[in-house]
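The listed protein sequences correspond, in order, to chains A and B. If you count the first sequence from 1, position 176 lands on 176 in the numbering used here, and the numbers rise without skipping. Offset between the second sequence (1-based) and the numbering used here: plus 1000.
Any given hint might turn out to be false.
[Unchecked claim] Quick list of in silico lysine-lysine cross-link-like pairs, DSSO-like style, CA-CA up to 30 Å:
no.	chain 1	residue 1	chain 2	residue 2
1	A	K68	A	K177
2	A	K267	A	K110
3	A	K264	A	K311
4	A	K177	A	K264
5	B	K1005	A	K264
6	A	K68	B	K1310
7	A	K311	A	K379
8	B	K1005	A	K110
9	A	K311	B	K1074
10	B	K1074	A	K267
11	A	K267	B	K1005
12	A	K311	B	K1310
None of these hints come from the bench; they were simulated from the model.
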Amino acid sequence: MPAFSLDEYQTRIELVQARMRASGIDVLWVTSPPNMNYLSGYDAWSFYVHQGLLVGLDEPRPIWIGRKIDIPCLRHTSFLKPEQASGYGDEFLSPPAHAMDFVASVVHSKGWARSVIGVEIDAPYFTALAYERLRSSLPHCRLVDADRLVNWVRIVKSPRELEYLNQAGEITDIAMKVGIEAIAPGVRHCDVAGVVYQALISGHPEFCGDAPDYQTMPKGRRTDAPHLTWTDERYTIGEGCTLELGANRFRYHAPLSRTVYVGKAPKRLVALSEFVREGLESALSAVKPGVSCESIEAAWRRVAARAGIEKESRIGYSVGLGYPPDWGERTASLMPGDQTVLSPDMVFHLILGIWGNDQGYELSETFRVTQSGYSCFSKLPRTLFLRDR
Amino acid sequence: MTLGKGINPFETAEFLRRLGNVRTEMAQQGVEVLLVSDAANITYLSGYIADSAYVPQVLVVDAVNDEPVLVVRKMDAPAGFHTSFLSRDRVLGYPESLIGNSEADGYDYVLSYLDTAFRPSAIVAAEKSALLYRAVTKLERRLGSRLRDFSTRIGRIRLVKSDSEIAVMQQAAAIADSAIMRAVEVIRPGVRECEAAGEILKVQAAGPPLFGGTHVVPPLISSTPRIGTPHIYWSDGRFEQGMQVNMEIVGCRYLYAAGIMRVISLGTPSGRLQRLHEAELEGMISALDAAKPGATCADVAHAFHRVLRKHGFHKESRCGYSIGINFLETSASIQAGDQTVLEPNMTFHLMLGNWVDDDFGYTFSESFRVTQTGAASLSKVPRQLFVTN
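Using the sequences and the hints given, assemble the complete structure.
Below, the structure is given as structure tokens:
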């Protein structure tokens, strides 16, 4: 069952076709897994092989191309019919054959052998080798850069998308609470990871979380490094841990970060947590339709400067549909220079990660832009959590 | 930055030996400087493990220095030192201004580093199979005819594992075994599918009692009527009497991964299911018998297909692939035409999943290692069709 109505997919496809027309693109080759999902509903863990959608200007529906054994996955998740799919055999998985040869043969069979084809040139999974192979198999086509064309259509969410994000937010809150409560002196790091993952999937009594991406939850000095996972070690008194968790519903993610300290927190960390919270709330209060992404960051920066906090990295990004390696949408960022103007029903993950002082601190919220301001998906307090038992 | 060294399952001498093998290959290709971008290859050659591959990261290996240089985003430099065998001054963090910047990115930083560290005419190789086109264009523009392609070469080197890699793979397989046995316990009529998935993931993360999983790959669980699909996940529904449940579960230890597939029948299995199981079981034994040093991947596939045909069945997809860091390696497939010759300590996922038609499929697999004389399974799970009444 596709996650959205046929009408909703149709609207998305038409918006993409309008952008194609404006860019002089006849055919769009969509390889990014969230973009494939957005335009077809296709949702499977098959992105380790080459796959994509061919969107034609005059075709009401895209053509799915992927590995033949994944066509049943299409049937169960997409509104597209297996007749709108072209599956390649496993001989295309190894050299000398290449899946792009097969894609080129589909392009030929559709009569698009002399067209302008947009490709997502800088999106994960569409490798340079794949690009070169496609280009050489289609000598009379012009391949042009259409990176993020679909991503920008995704930035404003529909009511149904917001409903899934709400559900994801509820699950994330549950998983965060479970994780915080599991942390205690003597408990193994990996056992906390175990209950967190469990809660991300089955923590909500009414609906399930879908397959989670990598979650990060470093502890102790490893909190200085934002992208580490867990170890076999045990929690001890006198160390902190940061949790960045994101449940998803139908791949719509609502991430959240909190920091926990085992034992009595050092004054410096308590003071830092208060400044970061003030900074987060200052940034949030700047959110409303019509303002730019960079002005949200500026609101945080004013508080940070007063507190002497230096943070180089961006403080947030548009979020929604995601697959590994990233749940961000690769469009707007909350950072200096980003002039994207906020409009209602955009959704961002505002994350304040302060690293570099032995003990890292993280606090974040996923929020939606409303008609007059913002609304957060999480209901958890924005404090430093203390665990001493 | 005071984060110290973390636990690494491999000695420095082992990384130096791996690098030595790569340097031999570099010398044969006339390459002086190698830019390694494939995340699994970076882990293999340095020990670096972090979820940071969604931004540019490169391991620079040259012919002279024993220790390569790891270039990562600045916030990931502490993780670079913590998880790898590299000295602090061999981990370089590029500034945050290169993130979300359409003009310049991490590869510009790498190119400037090359200018300072190597002679201007040095021959440089990169992995086009792991790079996106924009990055390759950038490298080509700056390096011109000095640029070579090193795609898939390190993958061939990774095929044969060391004894310490085998020890880690065995732990990964033990995690997968524990998780699948947990699945057999919890999958019952009336149980929510996500609840079972949560229990399985919990074991994948927390591991068997002695060690934890260090990453998780979400378990593929599909129940009737979705059992013709290889790559989709659990649903919001509950298991029901009479359903068939297909599973593929992966255990991960320090990113090394081993997979296993089994089927649970909730109630008496149909005759068709039973017959296919018997054929696949005999086929698995025949394939494992055929796997020994000197035989080819194609021989192993052939041994399986011969038995399956005898029973009146057919399997379209390949029969497996080499495994190691991040699970699949792209170097060898167990399929007709793959002439890779087996050597001791190669490891494979003998993937006998058979998606027969839209409504019917069967999952059965085991990870194995090639020994001096034959093949040894990494799993201790009974090779049965699990029936729950």
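Tested hints:
1. Among the hinted pairs, K68 of chain A with K177 of chain A is inconsistent with the structure: their alpha-carbon atoms are about 42 Å apart, more than 30 Å.
2. With a C-alpha separation of about 67 Å, the suggested pair K267 of chain A and K110 of chain A falls outside the 30 Å cut-off, and the hint is violated.
3. The suggested pairing of K264 of chain A with K311 of chain A holds, with an alpha-carbon distance near 26 Å, which does not exceed 30 Å.
4. Simply put, K177 of chain A and K264 of chain A have alpha-carbon atoms about 20 Å apart, close enough for the 30 Å limit, and the pair holds.
5. About 26 Å separates the Cα atoms of K1005 of chain B and K264 of chain A, which keeps this hinted pair within 30 Å; it holds.
6. Of the supplied pair hints, the one linking K68 of chain A and K1310 of chain B holds, its CA atoms being roughly 24 Å apart against a limit of 30 Å.
7. Restraint check for K311 of chain A and K379 of chain A: satisfied, since their Cα atoms lie roughly 26 Å apart, inside the 30 Å limit.
8. A hinted pair counts as satisfied when its Cα atoms are at most 30 Å apart, and K1005 of chain B with K110 of chain A does not qualify at roughly 56 Å.
9. This hinted pair checks out: K311 of chain A and K1074 of chain B have alpha carbons roughly 12 Å apart, not beyond 30 Å.
10. Taking the CA atoms of K1074 of chain B and K267 of chain A, the gap is about 27 Å. The hint holds against a cut of 30 Å.
11. Our distance criterion of 30 Å between C-alpha atoms is met by K267 of chain A and K1005 of chain B, whose separation comes to about 27 Å.
12. Between the alpha carbons of K311 of chain A and K1310 of chain B the distance comes to roughly 66 Å, so the proposed pair goes past 30 Å and is violated.
When held up to the earlier numbered hints, the structure conflicts with 1, 2, 8 and 12 and fits the remainder.
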